[in-house]
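Student: Here are the chains, one letter per residue:
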Amino acid sequence: MTAAIVAPAGRVGPLRFAGWLPFALHRVLDAVLVLWAAATIAFIALKLIPGDPLDSLLAGVLDAPPELRAQVAAHYGLDQPVFVQYLNYLAQLARGDLGTSYQRAAPVSEIIFSELGGTVELTVTALAIAGAVAIGLALLTSGRNRAARWAAQAIELVAISVPSFWLGILLMNLLSFTFPVFPAFGANGPASLVLPAVTLAFPLIGVLSQVLRERMEYTLHEPFVTTVLARGVSEGTLRSRHVLRHAAIPALTLSTLILGSLLSGAAVLETLFARPGLGRIAVAAVADRDIPVVLGTVVFAALVFVVVNTLVDLVYPLLDPRLREARR
Amino acid sequence: MTASAIAAPVGTSASRRAGLPGPGVLLAMAVLAALLVVGIAPGLFTGYDPLQASPASALQAPSAVHLFGTDQLGRDVFSRVLHGAGYSLSLGLFATAIGLLGGILLGVAAGYSRGIADRVISRLLDILLAFPEVLLALILITVLGPGMSSVIWAVGIGRIPGAARLVRSQVLQVRRSSYVSSATGLGLPPLTVIARHVVPNSLGPVLVNSVLGVGVCIIFGASLSFLGLGAVPPTPEWGLMLSEARQYLSLAPWISIWPGLFITLTVVSVTVTGRWWQQRAISRRSSL
Amino acid sequence: ASAAPSSKPASSAEEPVEGGTLTYLANTEPGTWDGQKVPSLNLNSLNSSIFDTVVAQASDGTYKPDLAKSWKVSDDGLVYTFELRDDVTFHDGTPFDAAVLKQNLDRPLNEVGLATAGNAIASTEVTGEYELTVTLSRPNAAFIHALSTPHWPIYSGKVLSEHTPAELGADPTLSIGTGPFRVKEYVKGSKLVLERNPDYAWAPETAAHQGPAYLDEVVVQFVPETQARIGALNSKQADAIDQVPPLNIPEVEGAGNVVLQKDNTGTPYYLALNANIAPFDDRNVRLAFRDAIDIDSLLKSVYGGVYSRAWTTTLPDTPPVGAYDESLEKSWGYDLDKAQKLLDEAGWDEVDADGYRVKDGKRLHIDWYYDSLYVQTDQRQQLGEAIASSLKEAGFEVERIPFDTASFTAAIAKNEHNLADASRGYADVGTSVSPFTSSADPRKGGNGINYGLLNDDVIDAQYVTVQTDSDPDARIEAAKVVQARILDEGYAIPLYIPQKIVGTSPSVHGWTFDAVGYTDSFYDAWLSE
Amino acid sequence: MSTIQVQEIARDTDAAAAPIVSVRGLSVAFPGRERDAVRDVSFELAAGRCVALVGESGSGKSVTARSLLGLAGRGAQVTADELRFGSTDLTRVRGRGWARIRGAGIGLVHQDALVSLDPLRRVGAEVAEGLGRFPGSRDDRAAQVEALLRRVGVPEPRVRARQRPHELSGGLRQRALIASAIAGTPRILIADEPTTALDVTVQAQILDLLDALKRTGTGILLVSHDLAVVSSIADEILVMNAGEVVERGAPSTLLHAPRHPYTRRLLDAIPAEHRRGTRLSDAPPTTFDARRRAGGPSSENALEARGLHKSYRAPGGAITALDDVSFTLRRGTTLGIVGESGSGKSTAAQIVLGALEPDGGTVELDGARWSGLRERDRRARRPLIQSISQDPLSSFDPRYDVSAILGEAIATTGTPRSARRARAEELLRQVGLDADVLARRPLELSGGQRQRVAIAKALATDPEILVCDEPVSALDVSVQAQVLDLLQDLQAQLGVSLLFISHDLGVVRHLAHDVVVMKDGRVVEAGPADIVLADPAQTYTRELLAAVPRIAPTDPLHDPQHTPEETP
Ligand SMILES: Nc1ncnc2c1ncn2[C@@H]1O[C@H](COP(=O)(O)OP(=O)(O)OP(=O)(O)O)[C@@H](O)[C@H]1O
Ligand SMILES: Nc1ncnc2c1ncn2[C@@H]1O[C@H](COP(=O)(O)OP(=O)(O)OP(=O)(O)O)[C@@H](O)[C@H]1O
Ligand SMILES: [Mg+2]
Ligand SMILES: [Mg+2]
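As given, the protein sequences belong to chains A, B, C and D, one line each in that order.
By the numbering used here, the letter at position 232 of the first sequence is numbered 232, and the numbering carries on one by one without gaps.
By the numbering used here, the letter at position 229 of the second sequence is numbered 229, and the numbering carries on one by one without gaps.
By the numbering used here, the letter at position 332 of the third sequence is numbered 332, and the numbering carries on one by one without gaps.
By the numbering used here, the letter at position 415 of the fourth sequence is numbered 415, and the numbering carries on one by one without gaps.
If we strip away everything but chain A, and leave its shape as in the complex, we get (with noise of 0.2 Å):
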């Protein structure tokens, strides 16, 4: 049953082809496919929303006469009927261009490549020391002493019970404020990276140390371990060499899933730590109905989600090369 739960993601198509060149065809179709779904399901999203793009368009402009707003629909074509707009901006997808922002007034690539550094570096670095973490725990306490291990699971479960943005605030005030070993804010170096990555990896450190001790837990009491140790292995070893690998298969499926949520978590983050980064623009974008900058960031994290998860899939069987046959 667990197996099922953890096992890599079953993919329809391209399993069933043998050969490399048919299932990078198939992949990349897959990937145009779900691009292409992506941006259509938040373009109708989108355009159901309440509110004029315009509004925020003229925001603030005092006084602005009706011909202005029909020059400013023109200019973005607005004016259009939905389905043209909707055709154009699929042939602007197709050429690669994702559009300009309306409130920053510059190409949405642009917008999310710059920003794109500062989520990177700080999900990256999260999902860093959550591994390191999460694999030291499970390490220490699976199958041993009882006292650890309900310990990491108490760990565990505050991790994952405390509201990321509530601990940012009390780490900030602990680490920040009361003693300043950290900057509080800002992108300035690694010393301004270590308190939203600690408190993003928080969860995720809940999440897969539990992943990680129940299924080492699982693999301890598969039979090849008690060969293992009638070798004279030490126990250390048997878990480092052995069984950690075993659970690494869930652990890299769920840190597929947790893709989604890591730009979730860094849109929090990244307000509160004021640090740049795409989840604040994305989750900025929204309200202020600034549709091509939404628009892009679906887009592109769902090109993010389909890399990813081509590269895990071509992962896998390196981990488990009982899947390499599994695939053909």
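Please note that the accuracy of each hint is not assured.
[What the hints assert, rightly or not] Mimicking DSS-like on lysine-lysine, the simulated pairs with C-alpha atoms at most 30 Å apart in a straight line are:
id: 1; chain 1: A; residue 1: Lys-47; chain 2: C; residue 2: Lys-414
id: 2; chain 1: C; residue 1: Lys-158; chain 2: C; residue 2: Lys-184
id: 3; chain 1: C; residue 1: Lys-300; chain 2: C; residue 2: Lys-341
id: 4; chain 1: A; residue 1: Lys-47; chain 2: C; residue 2: Lys-444
id: 5; chain 1: C; residue 1: Lys-414; chain 2: C; residue 2: Lys-444
id: 6; chain 1: C; residue 1: Lys-338; chain 2: C; residue 2: Lys-300
[As the list claims (entries may be wrong)] Below, a sample of chain A positions facing chain D; criterion: calculated Cβ distance under 7 Å:
id: 7; residue: His-242
id: 8; residue: Arg-245
id: 9; residue: Pro-317
id: 10; residue: Asp-320
id: 11; residue: Pro-321
Simulated from the structure, these hints should not be mistaken for lab results.
Glycine is no exception: its CB is placed at the ideal position from the N, C-alpha and C atoms.
Position chains B, C and D with the ligands relative to chain A; hints supplied.
Tutor: Below, chains B, C and D with the ligands alone, put in the same frame as chain A:
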């Protein structure tokens, strides 16, 4: 919100054959039961109106009069926390239910139909998974307009793809099992086999997983409040209370400590209970 | 009306010190860096250090020379002739002259969607190397004011010709002006670093000193989280912070820091009543509603007495001096008995089980629409909730309904709301009248800031004078008529005078505020020790 | 390779006299269990000797063996009057102390060989791990690993070392496991069920390998449930029952003159030694009420398969699982299908059951077409042919209790609701179970009981044919004996035709009237069981038969050649 938005798919350690709930689990269940009672009838436990502002008595520290103190508008924090139980719990429960129902429908459809239908549905799920949940929720809430019910829908819909994926993988596994072929071998028509064997046997892990999801939804809802898109003030929803109170952290820490504590307490209780159930379900299946 | 910081003793006793880096935590990062794009007051606080303006507004509301040495206005108010300084250079080394100014003033003619489009410039003409003539299409009394704010930043001609407007908006390193500071570094979403312009020698007479600025550098960090800003100031990670909430003032002062407060100009924070639909279509109900709100005690508890009460829809400091009608002070106020009587008269004389007034079986229900973004400033959320819950006493059931910024105006235009709230900061009286004129009715397009959907002939007539008459006294009279009319009809309820509240460490001196009441240029600021 | 031999020969000379391992009064208890898993077991093991532990599943064999390594199991409490390895008192060894004994002192070939190598690592790495802190370079290590693999008879060791366990066949995996166990040149090798789940031919090779090891001076502790397997190499056999040693002795005496009734029962239950019609268990025969469906048989043959072809898609083309396979199941008889693993037996069964469509060829059921039909047309006749699988547990809906399981099957015959319970009880009685199991779930039943419930379920639809795919492979000999007896009674009284698939020639020989021998998807030989199995025409069949381990035929009574001929 972040990672916990995906309920941990927990494996089981064969060593822990969950039988009767241990003291920790019992405690968690008791907390949940108490919260449920409070959520249904908060008025039984407090005389204060959670919405009644009395600016004159703002930011009072906890005392015998105001057990948990008062907030920036002089509202009784104890009363607000108790009334908040209903909102937070119903957010968790209803959002989970939406995710579950949608997930079952899509998952069973994908898992049982082969070929095109499965491809299309699976792709759709991929797309939904590809959608960053916070964006999805933001867009949905903006479409539906602010308010508690929008939050519930937004959070719930965000959980559908995960649940559907899980259901689908279960259905795929169950339909390959020998008891299903054995039922076919008895000459039973396919719909009977689906209804009698495939669906019921696919739901177990999904249901259990959903229990864990309740906590995830509550946390996610709180984060939406932080982003200003959750419940609408003056609703005494915990996430919103926490978010509003953060400005007074050093002035009046009690305003934020209580809702924070209750969120954590609720999520921990839900998770402990859910995990116990999961363990029990798994060990019932695979014990021997 | 004084522009001096109200709570800080003048630091003139000490001699200003040169050098040092000031770290300032701003509330939000401007969405665009081009002042013409979106007239953000927060952007002005930064751009005023980078850009000089054509004229400068003094603290008394009068206009002084800046980039223009002098200017003349034709009798019909349509033709402006500016004599320009000849000793000014931009940060990029290019000289300032009439051609460059023309480029800047022509922008609303050539670009779409600029905030300055409403200024009615018809044409500009270079009439000398340092002389520019501007022709308007209609008289605009606020034209000179528009040229006095960084809403109209004067960019280097090179930047304007080499870069698209979109680039100017996105990248502040293209903000090449003539101001006392120039942009050194920018990290989007995080910070903006300004460094002293060593060549600066053309400060307007409104400034406290001449020559280059005192500070070497100003690091502006964007920190939206209030608690983070306060924590940073108190833990000495910052020298100054923007937006200290009133209730947090003791916290900041308690840590040994200084709190600077400055009243804004324009309109107060007010409630706009929709007189088009029931129950506010009845003047008595409007007045009863107004008199049922105990504004004094609400302000005291929500803002700890920091914000003072507003009496009319024009703020006291709003230029031109005198536009504020002092005689209206204390002419109205909390009077529950009167409110009850008025409601009885209006036919809302029954009370239901929940304590709300009822007429013809219908509850006295008020839908209060608000913008969920702006409600975050000044704890207006709390104030709103407190007002709503206090009105129960008089029998009003008030329901607050949030909208986000983009859909707010559209929702208002549906004419289904009873109440909305707003405030407008701008250092000219026209701004305090315009939200009550039919030209600002959201149903008619335009800027749609008339949240009460008011169409009052008296006000509309006065607004023409306010907008076009170049005689300040005529404008003042018209504005006073509007203030009285609004109160008399109960169209709006002024609540409080918004303030800019800035926290600084004790070593920060020479902090200045602009005419709207926002943080001005860092030109005169200096750090002791 | 040579180094190992030299070392072992050297050790042989000085260790031959004294026992390397001595165990006295060994008991092992597990928390939460009332009875000790192992009670008062004693034995000694010297270099170049082999002690065998034999007994039914759960009798404590593995726990006894693993106690020598401190791996009896989590929470195991091991007590002994004496538990010595060389000069080390094993009861005093704690924690890291075991590292010196495990691998280098005592090697373990763990039960469940197929899953006892880390599936994620290369076979070579697994074997190399057994070398411990082997001095020398990487190349030396690799050479050593290669030598070890060659020694245990792995062909192309260099290639195999770079493969992963799942890429090796069961036999190769078992050998690699042995290689990793002897890599540390242990003085004692524990081989726990080293041949279970292997084909007979492979089994013989493994036994040869163990024998060779023994002869080079390694002491071997062999664990098996199969007396026949141990008989060829053990020097002493300990028969265990419920944690205790009930009888011990040299194979010659113990196997031919068992004193303890339990030993005798074990011996009797081995089907290879009995012909059809004799009973294997001491349980009384079951009686069935003949409930035949209306309308007599329409054809002489219950089932006829002609020219079946089936291939599966595979990476490098297709795997041909069945290639022109034909067989006939005569009404009221048993047709046995034998063959090595992967020869296509199960595929044939699936096609016969209508669960899989053949690519070519036809199946006729009761003289009427059965294959190539639409499911809707087949549905009505499905009750006629039912199956019993190797793993009954997975063929029951885990949520159902026995009454629901049987109820569903009974309902297909149109039995009214009110009569279903009585019918269920009747079916249970027929398979030798009490009505009180009705309320239990499959998980709460023993393996034998489960297989009986599976048979009862299969009988519920009054089938003409039962397809049994390895129905007893997972069962203990004694339970297996009961089930085989049951199947035989059932056929005798109900006239059901059986298609019986097994890799165990003894079982097939005991049950089948006709036999089909398969290899690589083809039928190599077919005909009456008496003829095919007694006097095979094909080399393959002969090899198959020769590889079946037997108890040395010193007692004429047990020699199959001397068993009087019986008629079916
Ligand atoms: N780790 C353990 N915890 C609890 N009980 C155990 C454990 N290991 C074995 N047992 C119990 O000890 C008894 C003996 O088990 P053991 O594995 O030695 O049997 P066996 O003779 O090897 O059987 P098989 O032929 O099935 O391998 C059984 O009842 C088993 O359930
Ligand atoms: N679903 C499948 N897909 C691909 N190949 C298959 C499939 N099922 C069986 N095979 C292959 O077909 C061949 C015959 O398999 P089958 O299961 O019939 O063998 P068997 O004789 O029953 O073996 P065993 O004794 O191990 O059960 C094998 O090579 C097997 O790998
Ligand atoms: Mg065993
Ligand atoms: Mg098979």
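Student: Hint by hint, say whether it matches the structure.
Tutor: Against the structure, the hints come out as follows:
1. Lys-47/A / Lys-414/C: Holds, at roughly 19 Å.
2. Lys-158/C / Lys-184/C: 18 Å, holds
3. Lys-300/C / Lys-341/C: Holds, at roughly 27 Å.
4. Lys-47/A / Lys-444/C: Distance of about 22 Å is within 30 Å: holds.
5. Lys-414/C / Lys-444/C: Measuring from Cα to Cα gives roughly 11 Å; hence the hint holds.
6. Lys-338/C / Lys-300/C: Since the Cα atoms of Lys-338/C and Lys-300/C sit roughly 23 Å apart, the hinted pair holds (cutoff 30 Å).
7. His-242: 5 Å, holds
8. Arg-245: Arg-245/A check passes; min Cβ-Cβ to chain D is 5 Å, inside 7 Å.
9. Pro-317: Violated, because the Cβ-Cβ distance from Pro-317/A to chain D comes to roughly 11 Å (cut-off 7 Å).
10. Asp-320: Because about 6 Å separates Asp-320/A from the closest Cβ in chain D, which is inside the 7 Å limit, the hint holds.
11. Pro-321: 5 Å, holds
Consistency with the previously given hints fails for number 9 only.
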